[in-house]
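These protein sequence lines are chains A and B, in that order. Counted from 1, the first sequence has number 80 at position 80 by full-length UniProt numbering; the numbering is strictly sequential. Counted from 1, the second sequence has number 360 at position 360 by full-length UniProt numbering; the numbering is strictly sequential.
None of these hints come from the bench; they were simulated from the model. All C-beta atoms in this analysis are idealised placements derived from N, C-alpha and C, irrespective of residue type, glycine included. Please note: incorrect hints may appear among the correct ones.
Claimed, not checked - Just so you have them, the derived chain B footprint on chain A, three or more residues with Cβ under 8 Å: (1) 243-257; (2) 279-287.
Stated by the list, open to error - Computed spacing ranges between beta-carbons, pair by pair: (3) Ala286(B) x Asp388(A): 36 to 42 Å; (4) Ser93(A) x Leu449(B): 23 to 29 Å; (5) Gly492(A) x Ala39(B): 32 to 38 Å.
2 protein chains.
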Amino acid sequence: MASTSRADYPPELSQEEENYLLSNLKDWSIAHGLTVRPAPSFVQPAQDPSGVLATTAPVTLYPSLFPRSCFEDGLAIQTAYNELYSAIARDESWLQGIVGELVDIDDFVANLWQTHLEVKKEGYVQDLSLGLFRSDYMVHQDPSQSDAAPGLKQVEFNTIASSFGGLSTKVSALHKYLLTIDAYPASSSAIIKENALQQSKSASSLAKGLAAAHTAYGFSQSSRPLCVLFVVQDGERNVFDQRHLEYALLEENGVRSFRLPFGETLSHTQLDSDRTLIYTPPNSPATTYEVTTIYFRAGYSPEDYPKEEDWTARLHLEKSRAIKCPSILTHLAGCKKVQQVLATPHSPHLKRFLPNGKVASRVLETFASIYPLDDSEAGNEARKLATDPSSATKYVLKPQREGGGNNVYRKAIPPFLEKLPETHWPAYILMEMIEPPPLENAIFRNGELQRGGVICELGVYGVCLWRDGNGYDQKGEILESWEAGYLLRTKGDQSEEGGVAAGFGAVDSVCLVGG
Amino acid sequence: MASTSRADYPPELSQEEENYLLSNLKDWSIAHGLTVRPAPSFVQPAQDPSGVLATTAPVTLYPSLFPRSCFEDGLAIQTAYNELYSAIARDESWLQGIVGELVDIDDFVANLWQTHLEVKKEGYVQDLSLGLFRSDYMVHQDPSQSDAAPGLKQVEFNTIASSFGGLSTKVSALHKYLLTIDAYPASSSAIIKENALQQSKSASSLAKGLAAAHTAYGFSQSSRPLCVLFVVQDGERNVFDQRHLEYALLEENGVRSFRLPFGETLSHTQLDSDRTLIYTPPNSPATTYEVTTIYFRAGYSPEDYPKEEDWTARLHLEKSRAIKCPSILTHLAGCKKVQQVLATPHSPHLKRFLPNGKVASRVLETFASIYPLDDSEAGNEARKLATDPSSATKYVLKPQREGGGNNVYRKAIPPFLEKLPETHWPAYILMEMIEPPPLENAIFRNGELQRGGVICELGVYGVCLWRDGNGYDQKGEILESWEAGYLLRTKGDQSEEGGVAAGFGAVDSVCLVGG
Numbered sequence: 001m002a003s004t005s006r007a008d009y010p011p012e013l014s015q016e017e018e019n020y021l022l023s024n025l026k027d028w029s030i031a032h033g034l035t036v037r038p039a040p041s042f043v044q045p046a047q048d049p050s051g052v053l054a055t056t057a058p059v060t061l062y063p064s065l066f067p068r069s070c071f072e073d074g075l076a077i078q079t080a081y082n083e084l085y086s087a088i089a090r091d092e093s094w095l096q097g098i099v100g101e102l103v104d105i106d107d108f109v110a111n112l113w114q115t116h117l118e119v120k121k122e123g124y125v126q127d128l129s130l131g132l133f134r135s136d137y138m139v140h141q142d143p144s145q146s147d148a149a150p151g152l153k154q155v156e157f158n159t160i161a162s163s164f165g166g167l168s169t170k171v172s173a174l175h176k177y178l179l180t181i182d183a184y185p186a187s188s189s190a191i192i193k194e195n196a197l198q199q200s201k202s203a204s205s206l207a208k209g210l211a212a213a214h215t216a217y218g219f220s221q222s223s224r225p226l227c228v229l230f231v232v233q234d235g236e237r238n239v240f241d242q243r244h245l246e247y248a249l250l251e252e253n254g255v256r257s258f259r260l261p262f263g264e265t266l267s268h269t270q271l272d273s274d275r276t277l278i279y280t281p282p283n284s285p286a287t288t289y290e291v292t293t294i295y296f297r298a299g300y301s302p303e304d305y306p307k308e309e310d311w312t313a314r315l316h317l318e319k320s321r322a323i324k325c326p327s328i329l330t331h332l333a334g335c336k337k338v339q340q341v342l343a344t345p346h347s348p349h350l351k352r353f354l355p356n357g358k359v360a361s362r363v364l365e366t367f368a369s370i371y372p373l374d375d376s377e378a379g380n381e382a383r384k385l386a387t388d389p390s391s392a393t394k395y396v397l398k399p400q401r402e403g404g405g406n407n408v409y410r411k412a413i414p415p416f417l418e419k420l421p422e423t424h425w426p427a428y429i430l431m432e433m434i435e436p437p438p439l440e441n442a443i444f445r446n447g448e449l450q451r452g453g454v455i456c457e458l459g460v461y462g463v464c465l466w467r468d469g470n471g472y473d474q475k476g477e478i479l480e481s482w483e484a485g486y487l488l489r490t491k492g493d494q495s496e497e498g499g500v501a502a503g504f505g506a507v508d509s510v511c512l513v514g515g
Numbered sequence: 001m002a003s004t005s006r007a008d009y010p011p012e013l014s015q016e017e018e019n020y021l022l023s024n025l026k027d028w029s030i031a032h033g034l035t036v037r038p039a040p041s042f043v044q045p046a047q048d049p050s051g052v053l054a055t056t057a058p059v060t061l062y063p064s065l066f067p068r069s070c071f072e073d074g075l076a077i078q079t080a081y082n083e084l085y086s087a088i089a090r091d092e093s094w095l096q097g098i099v100g101e102l103v104d105i106d107d108f109v110a111n112l113w114q115t116h117l118e119v120k121k122e123g124y125v126q127d128l129s130l131g132l133f134r135s136d137y138m139v140h141q142d143p144s145q146s147d148a149a150p151g152l153k154q155v156e157f158n159t160i161a162s163s164f165g166g167l168s169t170k171v172s173a174l175h176k177y178l179l180t181i182d183a184y185p186a187s188s189s190a191i192i193k194e195n196a197l198q199q200s201k202s203a204s205s206l207a208k209g210l211a212a213a214h215t216a217y218g219f220s221q222s223s224r225p226l227c228v229l230f231v232v233q234d235g236e237r238n239v240f241d242q243r244h245l246e247y248a249l250l251e252e253n254g255v256r257s258f259r260l261p262f263g264e265t266l267s268h269t270q271l272d273s274d275r276t277l278i279y280t281p282p283n284s285p286a287t288t289y290e291v292t293t294i295y296f297r298a299g300y301s302p303e304d305y306p307k308e309e310d311w312t313a314r315l316h317l318e319k320s321r322a323i324k325c326p327s328i329l330t331h332l333a334g335c336k337k338v339q340q341v342l343a344t345p346h347s348p349h350l351k352r353f354l355p356n357g358k359v360a361s362r363v364l365e366t367f368a369s370i371y372p373l374d375d376s377e378a379g380n381e382a383r384k385l386a387t388d389p390s391s392a393t394k395y396v397l398k399p400q401r402e403g404g405g406n407n408v409y410r411k412a413i414p415p416f417l418e419k420l421p422e423t424h425w426p427a428y429i430l431m432e433m434i435e436p437p438p439l440e441n442a443i444f445r446n447g448e449l450q451r452g453g454v455i456c457e458l459g460v461y462g463v464c465l466w467r468d469g470n471g472y473d474q475k476g477e478i479l480e481s482w483e484a485g486y487l488l489r490t491k492g493d494q495s496e497e498g499g500v501a502a503g504f505g506a507v508d509s510v511c512l513v514g515g
């Protein structure tokens, strides 16, 4: 099997080749909306007060090499992940256990849970939920076994505001275009070729998910026109990514949508007596809309709730009869803690949500093991792995509580634990390191080109529409579930954060290698 | 019949309505490539040395009111104009007469003609010619007869580098989108409505014209891959307009094209022994291409020829076996002087090129009359019109030689002529004023909004592919001819120039009114 990393990739470019590639990349990206609003460090707001300038989104010059088997595995497993996370979101009592471990240390989780409880007190009036998920992976290849097949290991699972579905569709088209116009030198033609590139269908497919919820909502209860509401952050620089979903929703599905800054929720929406959510567009207050689906592209982080009123707004939306994408329980299902307990070896949780053993074991393969350091069965295993200098090299030791201290890596773990009283060990978890194969690429950002080692993260989108159970005897049912395209996000291997729009990475597409 | 100008158009907007319209306009335009590179006055080149910033192209907020009958007339007559100008381009001896009157006063025309003669000496080796034309009109409505039906009067006919075919397709889609999302207030819904808006098909249709020439060229003579060559200006800010044609050429027709700055023609192209034009892409010199079609988006103005070598380049291209869009004779057919002699009342010229009297008379109706002030039949008529204070109000007196002095308008004409010795009168022409109905709109440019009176120019694109005759007994034949969409270009009624990219106007689309 071909190795993912190759000394001859990406190809070296002559100055003329680079000029050709870049001039075509710059024009194509602007002509097709593969764009972001420029960072304030690039264009000062005072220079462009009305915000009409845009620039090429951070992109890679080349599609990054990616093992074909891993890519196919990631796509194939997405519907299992849809099933898993929609089952978690439907299992309030299980989630309560998770949240119970977090409420004291995480205000944000506590507030979300409290909001859920308040709605529950009055009773939920919408039993449909929509998930536009993204499961993020890295390729893992054990460096000690050079002939080992690469596999996917999950980095995180996003249940709210999964971004880049719009730009991902564009960047894979860009790389395809650059191939078509011979912007990649002939020397790379055995690698970058038609059937190695994969067009991401994410923009269309996620929009189709919103349209499915919109339709499933049914007829208007209030004789108003229906709409989808994009709840967004103010001054979003990554606005075109979201806009491409809106345009696909309108053009391909005929569904109207509006953008509502989260902080203005209470000014422009209200609940009817039956908790139908009514949106009043500020530009035409005479025509009000009934909201079928709330798509959160805001509200996922504590920074989105600077005022107490913002929690009132979240409660107000959650109470409504609109379908939430996501509901608060679905949002909570995306907690790191959920990932951690699922990925604990010998954990019974996965079986609970994925009764089909074959499906569960395929999902399990994508987990990087996460061990507690307590006296459970997994904990005892972890103590052995962490104290043995040879096995410890494959792990990272992390404090249980986020923000609670620094990580300890690999061979530093055994001496660290030796000095630590064993009673303090349970404050840490031991996590398998994901070892991505070394890769190179070039990232184009703000007009500058950065070459070098990179790390790629594959995100696979999933659309899932389900009906909640009644919490007692009915477990609910999945109405729609599909894999919805992919994102490749690539950052320099020196950078610590993966957010492309935040300036630390780029959108990318795959160039598949291997059988 | 409904009047084109209406006191209630465009509608007044509340601040909220304006915010909604503009935020949607700004995002849509960037997401769809309705863009230009920013002017140096907006973004200094030093701030963005690699040229990655772009901004919304100057656009109108609303589609401008336009009489439906005029719009339909303009589209319907385009194939007649295709026939007319391709016939002129095929009639070298007639063109020689026109050019003969210009060579002494116009170096540019003289150089073009000289270049043609040099190619002719060796013999042309390509008898196919492509025209991507644009016929520009204004609506004329006699202000002294308020019930007179509006008609189209031609402003000019472009035979080279007819621009905005790319952005025109985008702006009509923008206005349609703004209508769909209710960005136009309900008060205007009787005017701005689905069937009043017209999607311009110009980008696709012009690209299809280039593809038709590419195909008609036939197989490669040199076993090389074939391509179309866009000959362009350096640092073109209106690059996306051109790029949209390139993308349509590739995506909808599968035809490869390259952009070649006119000044680099001799470095990257060469003629084979049979005058096949070979293009060597600087980025991959090992793969050379045979050029089927040269599309000039440069070379139309004296400023494009700063060096003697630039004329050598034009000669080199004209000599080649590639199909020229346009050929030099076609380029010359676009001279103002040609328009002038065609539009002279009682002129025999139109009949020469359009033998079908019905077709000729329809074309004639779109001419604003242009009279010489000599002792011809038309000249005698003109002298009467110009010296009578009541008829003079409908005319402008222009010096024959461009740049030769100032125009004299309307009632100032009779006293002006009274003071001028009659022997000097023939140095002037008398031209019917085009009287566009008063219109209002708002133009969005560089983030600023300008409202007020506007003047609209309708451009109708035409594609024409023809075979030249042999200059003796064969008159050639038209192989393809179609109307190729439209452009509406709108400027403030105070400005003197109509070039949108140059900063004096905006791209627009029509909102048809009247039966």
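Tested hints:
no.: 1; hint: 243-257; in the structure: holds (count 5)
no.: 2; hint: 279-287; in the structure: holds (count 6)
no.: 3; hint: Ala286(B) x Asp388(A): 36 to 42 Å; in the structure: 56 Å, violated
no.: 4; hint: Ser93(A) x Leu449(B): 23 to 29 Å; in the structure: 57 Å, violated
no.: 5; hint: Gly492(A) x Ala39(B): 32 to 38 Å; in the structure: 34 Å, holds
In summary, the structure is inconsistent with hints 3, 4 from the numbered list given earlier, while agreeing with the others.
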